[in-house]
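Using the sequences provided together with the hints, build the complete structure.
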Amino acid sequence: MKIRVFEMDYSVPCCGYGFYERRQKLKKEYEHLSRKDIGKMKRENKNLELSEERIVPLFVFMGDTTVSIFNRYE
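With positions in the sequence shown counted from 1, the corresponding number in our numbering is that position plus 1.
A hint or two may mislead.
Claimed, not checked - Here are the simulated DSBU-like cross-link-like pairs (lysine-lysine), alpha carbons at most 30 Å apart as the crow flies:
{"hint": "1", "residue 1": "Lys37", "residue 2": "Lys47"}
{"hint": "2", "residue 1": "Lys47", "residue 2": "Lys28"}
{"hint": "3", "residue 1": "Lys26", "residue 2": "Lys43"}
{"hint": "4", "residue 1": "Lys3", "residue 2": "Lys26"}
{"hint": "5", "residue 1": "Lys43", "residue 2": "Lys28"}
{"hint": "6", "residue 1": "Lys29", "residue 2": "Lys43"}
{"hint": "7", "residue 1": "Lys41", "residue 2": "Lys29"}
{"hint": "8", "residue 1": "Lys37", "residue 2": "Lys26"}
{"hint": "9", "residue 1": "Lys47", "residue 2": "Lys26"}
Just so you know, the hints here were simulated from the structure itself, not pulled from any lab data.
This is how it looks when you write it as structure tokens:
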């Protein structure tokens, strides 16, 4: 799990928190393939990297702030 702290816009100093999970997902260029085709590719080339790490947001708590933070953070 990854936790990120965000500076918020408010009349007093405050912050928000984002909770993220790292997941291994099939690379986009292979998503159209069937499980059978993916298995065949993996057997033919043991060094082939079919997956990549993706950071998936689980929960973000921002409290009282303005919409400007959406332009500041991804």
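Hint check:
no.: 1; hint: Lys37 with Lys47; verdict: holds (15 Å)
no.: 2; hint: Lys47 with Lys28; verdict: holds (16 Å)
no.: 3; hint: Lys26 with Lys43; verdict: holds (15 Å)
no.: 4; hint: Lys3 with Lys26; verdict: holds (17 Å)
no.: 5; hint: Lys43 with Lys28; verdict: holds (13 Å)
no.: 6; hint: Lys29 with Lys43; verdict: holds (16 Å)
no.: 7; hint: Lys41 with Lys29; verdict: holds (18 Å)
no.: 8; hint: Lys37 with Lys26; verdict: holds (17 Å)
no.: 9; hint: Lys47 with Lys26; verdict: holds (18 Å)
Hint compliance for this structure: every hint is met.
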